[in-house]
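S.K.: Under our numbering, the first residue of the sequence shown is numbered 630, with each subsequent residue one higher.
Calculated from the structure, these hints are not laboratory results.
These numbers were taken from a predicted model, which means no experiment stands behind them.
Here a beta-carbon is modelled for each residue, glycine too, at the ideal position from N, C-alpha and C.
Among the hints, a few may not be true.
To be verified - Subject to a maximum C-alpha distance of 25 Å in a straight line, what follows is the list of computed DMTMM-like cross-link-like pairs (lysine to aspartate or glutamate):
(1) K725 <-> E892
(2) K657 <-> E976
(3) K725 <-> E855
(4) K725 <-> D895
Said to hold, decoys possible - Computed spacing ranges between beta-carbons, pair by pair:
(5) P881 <-> T845: 28 to 34 Å
(6) A882 <-> P702: 15 to 21 Å
(7) D935 <-> S964: 25 to 31 Å
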Amino acid sequence: MTAPIMDTYALSAEARTLERSVMRELLKRATAPGVISLAGGLPDSALLPASEIAECAAAVLRRDGGAALQYRPMFEPLRAWIADHMRQRGVDVDAKDIYITNGNQQGLTILSRLFLSPGDLAVTGAYTFTGVRQVTQGRGARVIGVPVEADGVDLGALEAAFAQRPSLAVLIPSYQNPLGVTLSDDKRRAAAQLAARYRVPLVEDDPYSMLAFDGTPPAPIKAYDEGWVFYLGSFSKMLAPGLRLGWIVAPPALGTRIVTLRESIDLESSTLIQRTVHEYLSRELLPGHLRRLNAANRDRCAAMMDALNAHFSGLADWTRPTGGLFSWLTLHDESADTMSRLPDAIEQHGVAYVPGSAFSVDGRGSNTVRLNFSACTSDQIREGVARLRDVFA
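Work out the full structure: start from the sequences and follow the hints.
M.R.: Here it is, written out as structure tokens:
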């Protein structure tokens, strides 16, 4: 019999304490035949621009040849495009302020390594993306969870947390994962001011803002920056997750340290992917793709709202997002345990979801559920919500 791995090898403190993402484990079980998954954080594969990206990659290889397959530093035309994109959204930025990453999770990892040491204090939403918890946990940080209201984080609680002098704060302001709520413009300005007043590096994790149903993304917190907001952007949600391409916006004074930390992880992002994405952007294909994607997500969200009204009125409350991928369901029965009911939901009812406690900083939220509306058709969503009602009947 093989001994447990933790008894066999002397693992690092980080490896011993890190928890595997509940969502990743769920995705394995939720792909069984007949299961409707409302669990993931994915777009519908049918809506991804595969043929256009294939043509862009082919064009890059025809034009650039082996140079597109070499080690290369950050692709400057892509940095310039991102800087222009950010300026159009109200952020005063130059290409030199842009640092290419393999997605937002890597950007968050770099900034956490830049600012967090073991035992430091970090601030997040009380319910936040599991990747935020993994990264801060991996750094050995103590985490304060700040309540999130219908219009975003509670500013009074945020200021109280900042008064404790944390080394880092992480907010997801637009169509927040997991709640689906959006920080108001007034609160965005106030959050930037609080970060400057208390000298707290504030990471704006912003993968969802371009998924506004009406096509008008909110202004970033970074647009109100007074020197303490660090922005994370990504092509994963607005273009394709498998590209694994994102960026950090940070002051050039920290550039050498950011690049050095990045090099210690994986040297650099794929040259071919950077050039392929830039080719796609240069052909001005992104606006049309976003119109199609957001229209589909808007319709699917509407189907979910209708289904929740039909099956959960009087039993639960839920958020009504205006973009993004998620809605948040809170059962009125505070004794309900959505985590313990999950195996039965998948195996007996054929529906998967993510229990809300998986996103909780302090383990609360046993009666809550995160629901995804982007990966299924409207008909599947209606049937999935009906099955979900049977789980909690």
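S.K.: Against the structure shown, which of the earlier numbered hints fail to hold, in ascending order?
M.R.: When the structure is compared with the hints, none of them turns out to be violated.
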